[in-house]
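Asks: If you want the building blocks of each chain, they are given just below.
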Amino acid sequence: MESSQLFTFATVAYLAAMVAYISYLAFRSEGIGKAASFITYAGLALQTVALAMRWIESYQMGIGRVPLSNLYESLVFFTWSTVLIYIIVEWKYKTRAFGAFVLPVAFLSLAFINFAGISTDISPLVPALKSNWLFYHVLISFLGYAAFGVAFAVSMIFLLIDMEDRGPVRNAGFGLAAIAVLAPIGYAMASAGERMKMVFWMGLGVLILVWFLYLVMRGAQNKPQVYLFWAFCVTLAVGLMVAMGIDIVYLNLTHSLQPGDSMKQHLFESSFLSKSVFNVLVSWALIVGLFWLVWAKGMALKKLLAQYVPKQEIMDDVTYRMIAIGWPLLTGGIITGAVWANSAWGTYWSWDPKETWSLITWFVYAIYLHARYVRGWKGTQMAVISAVGFLAVIFTYLGVNLVLSGLHSYGGMN
Amino acid sequence: MENQNQQGVVEIVSEKIWKFFSSVKLAVVLLIILAVVSVIGTVIQQNQAPEDYLREYSPATVQLFETLGFFDLYHTWWFVLILLLFTANLTICTLERFPTAWKVMRAPLKPLEEAGYKAAPFKQEISIKGGAEKAEAAVLKALQGKRYSSLVAKEQGATHLASQKGAYSRMGVYITHVSILMIFIGALIGSFFGFKGFLNLPENQVTSVVYLRNEPLWDKIMAGFGIGNSSVIYDPQVGVPSMPLGFYLRCDDFEVDYYQNAGRPTGMPSEYWSKLSVFDQQQQKVLDKRIRVNDPLTFHGITFYQSSYGTIPNAVGKIILNVRLKQSQGPGETVVVDPGSSVYVKSIDRTIRVTGFAPFGMRDQRTGMVQFYQSQNEELINPTVDLEILRGKTPVFRTQVMKVDSAEPMMPENYIISFVDYWGARYTGLQVTKDPGVWIVYTGFILLCVGPVIAFFGSHRKVWVRIQEGKGQAAVLVVGSSNRNRLAFEREFNSIAEEIAR
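Line by line, the protein sequences give chains A and B.
Residue numbers for the first sequence follow the working numbering, beginning at 28 and rising by one.
Residue numbers for the second sequence follow the working numbering, beginning at 2 and rising by one.
Extracted from the complex, chain A is given alone in its bound form (with noise of 0.2 Å):
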């Protein structure tokens, strides 16, 4: 047996998994929560067993590395990683309302991999990545980017449990018209050239961030533009994911690809930022569905969780736990990284885009713990500040190596 069939396995029971919590939220059976929280841990005891027999398979072909060195192998662990602290949330609040958002993110990350195309082989390192510090930065960095996945997902249910109500249809008409707005802009400015796309995709998260600086600011009072805020966040996450799926389906299918080429020059050619018209129009029609949906269906998912997920002050506490775990790993994910540049280099830090970001989060996350130390605050605003943080974990994460470009050259595509 090898490790790639045993990995295939594990994908399967992270499906099996997923639809199991799902069954069990919509048919309230005791019995299919312990399938659904046993066939996760066979997934886990299956993707473990896996990464020590690829870590054994690379020794036998005289390459002798950790399995943690390029974007396949981080992808599965920061898989691994979710799906363990998740157990260990399940276990600890004895609850398992959680799994039905958690294992989505863990099948959905393994399946990209097939998707996309992420090459498995198992490549020799470079020079300057052998050495005994990978394998502290990369596994404590991901297990702290696994506690902030959980506290993410933790603080949307808790800001979906959170809304009294959805607020008046001209809230979704304000998102749609803002959808229908972007649109074209977006196009025209594709159409202007590359710079002009980093520029819009640029202004897109920084109008995010603006609106999100505002709700805080607020103190997250008005429920409705909380919701509608929410309803935004997942309809573009939602979105751009299966986008960039697309697209990478679609390059590797009709192999336009050009040696030399990154996919970061590609990306949404095949959908928002297609040359054809017709392209554009269905992708942000599909986006306009999806945002109705989300944010039309929200509230019936809401009561449906309601019965299930725990009271919101242990939510709020169980954020909290997950960031005050994160936040020291990564801190030590940092701190690993420049203890490890400063023996192969001679400089703790360089400012290098990655390392930048990874200090961006860093900020994101301290501010929300000082929010919480000092100024007291809790529950909706805290978990909004949750939800930007996990934003800046992933831009850190796929981002930088995607769109930006610097030292951590692992995380290439191609």
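What the hints contain is simulated information worked out from the structure, not anything from laboratory work.
Any given hint could be a false lead.
[What the hints assert, rightly or not] For the chain B half of the interface with chain A, some residues (derived, Cβ under 8 Å), not all of them: (1) 40; (2) 268; (3) 339; (4) 457.
For every residue, glycine included, the Cβ atom is placed at its ideal position computed from N, Cα and C.
Take the given structure of chain A and dock chain B to it, following the hints.
Replies: For chain B alone, kept in the frame of chain A given last:
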């Protein structure tokens, strides 16, 4: 009078400044500003050549970014200013709150007043059969089981217990803050009294200076004021400032290992190293070390990191061969020869003539013939020679020898010739740094790992108990409070109460 008034103004102003910097709101605002501003430097590539920027942006944009310092954002005066404000904020916030936290941590245990029992966030009343003494023992046992230290006081027919644990956790946040300040201080010392430089040192060459990327700020400032001499040398012919090492550094040898595919080097380096020797002022050898990536050499506070390598254009190196008799197990005879010339090998009574050389040789997979290739930048991926063997002046045979070979080279006589090294045509690329502040930074790193863990996972928990004698049973009132992790404390509190009731 006037003097007093002026002092008053100074006091008021300094108090206002102190108040401004001691606010956590300012800290959050500064963190947001730092986060947002840092993003700019990740989107615009830093420290590129001017022509690279002109290719990406319009001249007007380049001009604007240049003025704003966006091309070297993290070293602009305004970014440093934000960092300084942040440092001041952190320092003053810490100074403002530390004395109180210290007092609370060191405060002796005290029995609780009546009002305190009423106001405590967690409360349980338990009645225990048996007397007050039995109850007291049960309470002490339960508290000791959870590692609380207790104080017992008896007054007016009631027994009061005060107990606490985790007082030290109040220091976690200050350890964290101080560690960040230490990292800043260490970084400042590094840039004032340290330097970053580089060296491209050919095999068999010695240097007494290093070329600088960042010169020590202190030297620069002192020389700018005309006080003291900077140790930095500006030689217009070199074009780069340099700094004397105070000793001599020689590159004895440089080697690269390549990943192999079916016994053939692929051109992807798996490891590279330099053998470096250090000589003192009297030219006496002090030490040598084989350095590789991730394993540098340090001497007199200056560290040499293996960072790159290359072939010197048009340089001709020495070919080093080893000749060993087939039946012997000994080391054989090592000979050195220039490309194109010959050498007499005594142990086999033959002359070896080098008739061809290539930096990259490979055996053809089907024919088994050795092919000679040119490599990019003349990189010595697998140096290969074409040799003619002569007895006296009579040619005996010809053969090709590669440094790494997937098969046995053709050797018809009773000896084997192997290729040891092509030496003297390569240079090793070294990063050179001196950073006297790094130990302060590392101490800061360690504290920064410890501080948050203490702060988040410890909590200062207090439990007070009042035991009153009743009719055949004791009434026990247990109250408690914790400065953080309330939910965890609630669980512990309930289990203590349960333990007492048992």
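Asks: Report holds or violated for the interface hint on residue 40 of chain B, using the least CB-CB distance to chain A and a cut-off of 8 Å.
Replies: holds, 7 Å
Asks: The hint names residue 339 of chain B as touching chain A; please verify it with the least Cβ-Cβ distance against 8 Å.
Replies: violated, 31 Å
Asks: Was the hint right that residue 457 of chain B lines chain A, CB cutoff 8 Å?
Replies: Constraint on residue 457 of chain B satisfied, holds at 4 Å.
Asks: Close enough to count: is the Cβ of residue 268 of chain B nearer than 8 Å to one in chain A?
Replies: The hint is violated - residue 268 of chain B has no Cβ within 8 Å of chain A, the shortest such distance being about 12 Å.
In terms of the numbered hints stated before, the structure departs from hints 2 and 3, listed from lowest to highest.
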